[in-house]
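Trainee: Residue-level listing of the chains:
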Amino acid sequence: MGIQIKVLERPIEQTSYLRSTLKGMALTFKHLIDPHKKTLQYPEQKWDLSPRWRGTHRMLTDENGKAKCVACGLCPQICPANCIKLVPGEDEQGNRYPLIYEIDEFRCIFCGYCQEVCPEEAIHVGRHYENSEYSRAGFVYDLERLMQQTHPVCEMWDPADPRGE
Amino acid sequence: MPYATLLLLQKVYDRQLPVHGAPWLWFTIIKMLVVFTVIMVGVAMLTLAERKISAWIQDRQGPNRVGGKLGLLQPAADGLKNIMKEETYPEAASKVLFVLAPAMAFLPALMTFAVIPFAAPLPTRWGLVKMVVADLPIGFLYILAISSLGVYGIVLAGWSSNNKYSLLGGLRSSAQMVSYEVAMGLAAVSVLLLAGNVSLDTIIENQVIGGWYILPLFLGFFIFLVSAFAETNRLPFDLPEAESELIAGYHTEYSAMKFSMFFIAEYSNMVTASALTVTLFFGGWSVPFLNGINLAPWAWWKTLITLAFFVAKVGFFIFLFMWVRWTLPRFRYDQLMGLGWKVMIPLALVYMVIMAAALLVLSYVGVSPNAVWLGFLPAYWAILGVLNIILAALVFVVLDRGRLVSPASSRVDAAELARLRAISTPRRFAGVQGD
Chain G
1 MGIQIKVLER PIEQTSYLRS TLKGMALTFK HLIDPHKKTL QYPEQKWDLS PRWRGTHRML
61 TDENGKAKCV ACGLCPQICP ANCIKLVPGE DEQGNRYPLI YEIDEFRCIF CGYCQEVCPE
121 EAIHVGRHYE NSEYSRAGFV YDLERLMQQT HPVCEMWDPA DPRGE
Chain W
1 MPYATLLLLQ KVYDRQLPVH GAPWLWFTII KMLVVFTVIM VGVAMLTLAE RKISAWIQDR
61 QGPNRVGGKL GLLQPAADGL KNIMKEETYP EAASKVLFVL APAMAFLPAL MTFAVIPFAA
121 PLPTRWGLVK MVVADLPIGF LYILAISSLG VYGIVLAGWS SNNKYSLLGG LRSSAQMVSY
181 EVAMGLAAVS VLLLAGNVSL DTIIENQVIG GWYILPLFLG FFIFLVSAFA ETNRLPFDLP
241 EAESELIAGY HTEYSAMKFS MFFIAEYSNM VTASALTVTL FFGGWSVPFL NGINLAPWAW
301 WKTLITLAFF VAKVGFFIFL FMWVRWTLPR FRYDQLMGLG WKVMIPLALV YMVIMAAALL
361 VLSYVGVSPN AVWLGFLPAY WAILGVLNII LAALVFVVLD RGRLVSPASS RVDAAELARL
421 RAISTPRRFA GVQGD
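Chains as they are written, first to last, in our numbering: chain G, 1 to 165; chain W, 1 to 435.
Next up, chain W with everything else stripped away, as it sits in the complex:
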């Protein structure tokens, strides 16, 4: 389309057309480079943040020798150290896979981030530039497909090292990631049901208009978050690493930069999981309460503000990841599997059915998805929100009674279990029975 026609179109329509042709290619390359750099630098700073937060939680001060009181140059020092260390290759290792594994662990995280929109579109003289590296209309399906690849790196590392600890770490990781991915996917289905689309752009747009999904899909968010913790191998689900049992799990045999790659992979996974949570449940890059900023006509300052909000939201979830890591101990392996298969997956399935039924009933009753009550309260948001609060209360009060995590006593026989349950009964009815 000639430039003059484009200008004419822009005068006629309020909406600016997306960039196309050569400028599109240039913008994509620029976005790729910028996003890659920002994530790499961000990951480096996250290692520092993790050390600082762990230190503060433990009443220590954390790294403060390099780069001022905050230790801002510590990541650079760590990187330099890792580059200068010796690259070891175990004799028994399968060399090709051994070298390939760190890259395999690290790529899917970055590839996933490519489809996550991180700011409002930027209008330029060549057209509207969407602030996402790859604007895939099937964004969410792509994420589900790619994030499953993350386990390959870890399993390959465990297998190729030819070391019992590595192998055990790799095995655990594959079991863990396979089982929690199901719950994660099922929880995300409710988002797709409500949004009616798999494009992340549309999901964000719907949240801008109809309110963030955190309330109407609260339980889905909870399941998604727990599964995200398991997917990123963070505590309390860090069984693949499990320092106290498996030395370092799948990366026992790795040194220097290859070891560092696994570290980078873990942190980029964390960034991606946080970004995904934000996109699906917290309105992505949108600014709360100020919808003027979130909607067209676009302007460069809107892009900047929304970018800042996206970074802030993602930052909060990364902080949450770290906060939980330094609070909770690790699950036992059977507890992990039990939680995944006996609680999370059934819960996600039932939740999906309930949400689908609720949406069906709403459309049957005749509530329009765009209906707004009292001028500010989106109808779907309010109705599903109330439903979710009830469901969440049920889950947290009824299910969370010694069932979420089975204690060691769950492996004893039925009679013994009855006796253990009897311990708690007199205490509960202390007023009635006495002792």
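Looking at chain G on its own, in the form it has when it is part of the complex:
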């Protein structure tokens, strides 16, 4: 006994190959002349992202152009991928601010916990996804770069509006 071959049980006497071939050709022809093609011409056309899309981070700023972050340390605490590096500092008025704030987009899993946990609504995940780089070091976004991002930010899940309407 050689290799076990799975044999499909089909009604031999009723199998017609020519007719099913013609049927198949009719189907492919229907698709051939169908003007609705599914291809998205990517760099020119893009998908509409969901308002809840979690992509590249963005640090929001206050009216003075400074980062809203108060270096409370909650986001590095909650981050499951451990991709946020935060060194807190304090100015002469006693306000805390981040001396170093870096996010490694390469390690980030875009769970959005940082945005959810942030008491100042400073760090956000954004509706943006094209963040390729030539080096691994390029994926580490510092505070300056996070503040420069201009894309819309993610609207997190709202218990009052569970379906995002």
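FYI, nobody ran anything at the bench for these hints, they're computed from the structure.
A few of these clues could be false.
Stated by the list, open to error - Part of the chain W face toward chain G, derived, beta carbon under 8 Å:
id	residue
1	I53
2	I57
3	Y142
4	W323
5	V324
6	L328
Unchecked claim - Residues on chain W that point at chain G, a partial pick, calculated with CB under 8 Å:
id	residue
7	W56
8	D59
9	R60
10	Q61
11	N197
12	F316
13	W326
14	D400
In this text, all values refer to a predicted model and were calculated from it rather than measured experimentally.
Heads up, the beta-carbon is just placed ideally off N, CA and C, and yes, glycines get one too.
Dock chain W against chain G, hints included.
Mentor: Structure of chain W alone, referenced to chain G:
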């Protein structure tokens, strides 16, 4: 013959004499260059057409980045890419054969096309120029001889690469081409029987007068077409390549322009097979219903119109090749051989005998091959047409019942097969037996 005599002859006879001497040589060289160029450019455009058609069938848009929305410059981009790629030579390969194989695959297709007439003769001041590169009186025999050479390229490629996948591809290809060539030749014999000549010119002429052979030789056309698919290694018979099993089959080890040559070979084979089908069964370059254009006296505009019709007919068959490729899956190897030897060859043999008998009976009864009924219906065309429709109906209804392609269950023993057949029986007689 002096030119003055020629002119005199033309005045006396309606028929213009063919070119001869030095002008003949010049015209032949011009035709060679033009046909070669047109086929090469055509093949390049066919690669684009194939990609476009596959894309459209799969609801995609296909190449549209180079040369406008239709991607018209894509073949040029592909060619440039292939020329700039590295030519690899496997260490274990047999170098001479390895280099020779792509050329061997590609030449027979072009050589076959040389004898296919592609337009009505063109009258010039030097005489009548036949629109065929080589006007061979034994055209069809030449085609049978040369098209068999096509397998050499593939087998040599498979053998010389010294690679298991290549070798398997080459082996499969030789088995496939050898077995389907028999059916193809036998199916074409019916054309020769009806035309009574092996010259392609005469075959076309007969079709102009007596109606296209597609109807009186319909079953022959069907066998011929299926075999042509197998001969050109196109799906559903692309076992030599069989990407999913054999990487790329016989051209696994090839790169750059040598790989491209196999591609060109496949497409020129397709052009030649289409042109041959058109010539044998669809009246060649002739224009349907307007026989004034298809017959002498010749004129340059007749040449142009018939050329356009030839291109259109060939184009349709090339489209058919592509359409089928993107519709059907590949045969299993044993199914391929079974279809070739157990169905196609016996069918072609029986068909040949039936057609020969029919022709014999017709001539015995006394129907003239030139007889025309009611002023427009060629007698042979009508009688053989009816016969063929009956035969085709028999084949498609009786034979096409789980026999054309044996299912996997055909390899089980007889008792098991009986049990499988029994599955279908209650369904068929559901009203009688119940369940």
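Trainee: Checking hints one by one. Is W56 of chain W an interface residue toward chain G, by the C-beta closer than 8 Å rule?
Mentor: holds, 5 Å
Trainee: May I ask you to test the interface hint for R60 of chain W with respect to chain G, counting a Cβ-Cβ separation under 8 Å as satisfied?
Mentor: holds, 5 Å
Trainee: Taking 8 Å as the limit, does the beta-carbon of Y142 of chain W come near enough to a beta-carbon in chain G?
Mentor: Violated, because the Cβ-Cβ distance from Y142 of chain W to chain G comes to roughly 33 Å (cut-off 8 Å).
Trainee: Against chain G, is L328 of chain W within 8 Å by beta-carbon distance?
Mentor: Since the shortest Cβ distance to chain G is 7 Å, the answer is holds.
Trainee: So, D59 of chain W near chain G? Judge it on the closest CB pair being under 8 Å.
Mentor: At 5 Å from the nearest chain G Cβ, D59 of chain W passes the 8 Å test, so the hint holds.
Trainee: Could you check if I53 of chain W really has its C-beta closer than 8 Å to a C-beta on chain G?
Mentor: holds, 7 Å
Trainee: For the restraint on W326 of chain W, tell me whether the closest CB of chain G is nearer than 8 Å.
Mentor: holds, 6 Å
Trainee: Can we keep the D400 of chain W interface hint, with Cβ of chain G closer than 8 Å?
Mentor: holds, 5 Å
Trainee: Tell me if W323 of chain W is really an interface residue toward chain G, meaning its C-beta lies closer than 8 Å to one of theirs.
Mentor: holds, 6 Å
Trainee: Does the closest beta carbon of chain G sit nearer than 8 Å to the beta carbon of N197 of chain W?
Mentor: Result: violated, 32 Å to nearest chain G Cβ.
Trainee: Does the closest beta carbon of chain G sit nearer than 8 Å to the beta carbon of I57 of chain W?
Mentor: holds, 5 Å
Trainee: So, Q61 of chain W near chain G? Judge it on the closest CB pair being under 8 Å.
Mentor: This hint holds: Q61 of chain W lies near chain G, its Cβ roughly 4 Å from the closest one there, short of 8 Å.
Of the hints listed earlier, those the structure fails to meet are numbers 3, 11 and 12, in rising order.
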